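*Asks:* In order, the protein sequences belong to chains A and B. Numbering-wise (our numbering), the first sequence opens with residue 1 and increments by one. Numbering-wise (our numbering), the second sequence opens with residue 1 and increments by one.
The set of hints was computed from the structure by calculation and includes no laboratory data.
Restricting the straight-line Cα-Cα distance to at most 16 Å, the calculated cross-link-like pairs of lysine to aspartate or glutamate (EDC-like) are:
1. K34/B x D24/B
2. K78/A x E28/B
3. K69/A x D96/B
4. K422/A x D441/A
5. K193/B x D137/B
6. K110/B x E162/A
7. K34/B x E162/A
8. K347/A x D395/A
9. K301/A x D332/A
10. K34/B x E64/B
11. K103/A x D441/A
12. K103/A x D429/A
13. K347/A x D332/A
14. K55/B x D314/A
15. K55/B x D270/A
16. K55/B x D81/B
17. K422/A x D395/A
18. K135/B x E198/B
Interface residues of chain B toward chain A, partial, derived using beta-carbon atoms under 8 Å:
19. T39
20. T40
21. T43
22. P54
23. A86
24. W89
25. G90
Keep in mind the model is a prediction, meaning the values are calculated, not measured. Glycine included, every Cβ here is placed at the ideal spot set by N, Cα and C.
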Amino acid sequence: MKITLMRTKWLTGALATLALALLSTSAQAVPSFARQTGMACEACHTVWPELTHFGRVFKANGYILDNLKQVRGVSQRKDELLSLATLPPLSMMVQISDTQLAKPLPDTQNGSVAFPQQISLFYAGKIAPHGGAFIQLTYAHDSGGIQIDNADIRFADILTTETGHSLVYGVSLNNNPTVQDLFNSTPAFGFPYAGSSAAPGIPFGAQIDGALGQNVAGLTGYVYLNESLYAEAGFYRSAQQRSLPLDSSAAGVLSGLAPYWRLAYEHSWDRHNLSAGVYGATFKLFPGNGSALTGPTDTYKDVAEDLQYQFTADNHLFSLQATRISENASLDATYQDGVGSSNLKNKLTTTRAFATYYYKRRFGGTAGVFQTTGTGDAILHTPAGLEPDPTASPDTTGWIAELNYLPWMNTKFSLQYTAFSKYNGRTNDIQYDGTGRSASDNNSLYLVAWFAF
Amino acid sequence: MKTIIRSLLACACLSTALAAYGEDPAPEALALAKRVAITTCGTCHGVQGVSAQPKFPNLAGQSENYLAAQLKAFRSQTRGDADALAYMWGMAAPLDDDTIQALSALYASKPGAAGSRVTDPALVARGQSLYLEGKLDQGVPACAACHGPDGHGIADFPRLAGQHAQYLLKQLDSFQTNMRNVAVMHGVASGLKGSDAEAVAAYLESLP
Chain A
1 MKITLMRTKW LTGALATLAL ALLSTSAQAV PSFARQTGMA CEACHTVWPE
51 LTHFGRVFKA NGYILDNLKQ VRGVSQRKDE LLSLATLPPL SMMVQISDTQ
101 LAKPLPDTQN GSVAFPQQIS LFYAGKIAPH GGAFIQLTYA HDSGGIQIDN
151 ADIRFADILT TETGHSLVYG VSLNNNPTVQ DLFNSTPAFG FPYAGSSAAP
201 GIPFGAQIDG ALGQNVAGLT GYVYLNESLY AEAGFYRSAQ QRSLPLDSSA
251 AGVLSGLAPY WRLAYEHSWD RHNLSAGVYG ATFKLFPGNG SALTGPTDTY
301 KDVAEDLQYQ FTADNHLFSL QATRISENAS LDATYQDGVG SSNLKNKLTT
351 TRAFATYYYK RRFGGTAGVF QTTGTGDAIL HTPAGLEPDP TASPDTTGWI
401 AELNYLPWMN TKFSLQYTAF SKYNGRTNDI QYDGTGRSAS DNNSLYLVAW
451 FAF
Chain B
1 MKTIIRSLLA CACLSTALAA YGEDPAPEAL ALAKRVAITT CGTCHGVQGV
51 SAQPKFPNLA GQSENYLAAQ LKAFRSQTRG DADALAYMWG MAAPLDDDTI
101 QALSALYASK PGAAGSRVTD PALVARGQSL YLEGKLDQGV PACAACHGPD
151 GHGIADFPRL AGQHAQYLLK QLDSFQTNMR NVAVMHGVAS GLKGSDAEAV
201 AAYLESLP
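Given only the sequences and the hints, what does the whole structure look like? Please build it.
*Replies:* As structure tokens, this is what we get:
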């Protein structure tokens, strides 16, 4: 699971942070693809889950490149009607972790061991002549249950010319905005790739930044021209787990369809690859939580830029990912003349940048910074149960440093340190209750053993 | 001297064996190969067989029989250098003989890579001397004897002109360690090390 960026009112101090982690998304690479293609991890990944250019092309083409014996069906006109591996490309992922906080959360024990933090089963590979699926089912210790995780089912085909131009086009049916994206500079598959579920996450984030993951269904169409220009557009609709049809007990329900868009350009030369892009979405949400799913909605307009650079040689690998997400919120449903929120309109900006180096894909590390700033809203940003504080704000700033060791390509040991210089708008008394917890008390050391097989 | 004669004899045998390949591919196979070349091979080797990344070799202008032999060696998992294992064993596994032949013919018909710009003339000059004359005191025959004075290959011996230096150096290393098990080249690579290897690779990369 990754550090979470969720928009929510505070429930209680510790509960909220744990809930945030629980609802977070996760990012994996899967040996299913290696099984299917017969290629080692390094073909598609610098070090997993970061994709190489080849990995992006493989994904855009619908995960269909295969090397397994197929059960085939054809029509009288030799149209392919079925292409299914005789053995399904399945794989497992296990994370076992330990988290040490600088200062334990109130009434909790420090040194949280999660065994497992997460176990996932994947089907990842070809499902049809031009279709593939990445479907993840996860047991997470903090939820204590098995639930759907990231899912991306896609169909794609390619047009080529004699002169070597190519146009990949396809559709993706997925459950998390940006999980279908090709680049690791967008939220779903962005750094940190693993994060503690026992440490406080980032308390406020934009909707597109993981808030809706696994609770929406999206249908998007995309094109990938000459393996350089990537454009995508589509819609998302609420598809929350455990409640159908949705009613007023649900929270954060989309009204109608939420448009999503993406444009990126990548250029490869020598050992380098550089990409830059923009992405965004507009979400109109009914607050729910007891309010009927009709009438005014809260509108969140998210617009983001992202950048990625990769240097890939045999011995030395370097990459850089950065994104900035700007959100304009118009809280027409929540505001209620200052009862539900202090402001009718709020802004939120999240910026992240991380640099990664690996030696021989075996020893490496990542370091970078994250920052969220935005309009202070006394009601939304003061922890629940406390008098709204006019100084409350979503501002949160910090850095992450991580060391990694991969004894084998599919096994990763990581030691990650996360430090906060500001949390929920404050350096000190971040719980707004006078108990004196400081931002740095939320600093955490996280050790994770990550097995994918 | 014996080493050189053995090497050249082995070259001749290899040449004869490879010459068994080389029939014109069927139009259907060629059409499939054109599609595979762009949609699959092209991702690493470039859509026209000239790769943007030096880790992956240029294929354009390469000897047809050499390419076919390599693809079959990947398919049968008898070429065992690290990148062959990681990439090509999987990629070549589903290719049938007709597709291999058509792919090889397709790449052989394309114009080879233009030579790179020379950044170190002294290094390239030394490389040229080693390539054309060898280093007989260390048992390194002239590369040009098999690969041609212009580096375009002779008969079934591969084209080296315009090839990425990084790729060439890695192959020399693989020959030396027998990760890529070719007796002729094992002998050559064992005598061609360090700055000598770098010089030859730089020279070849600069050749059009």
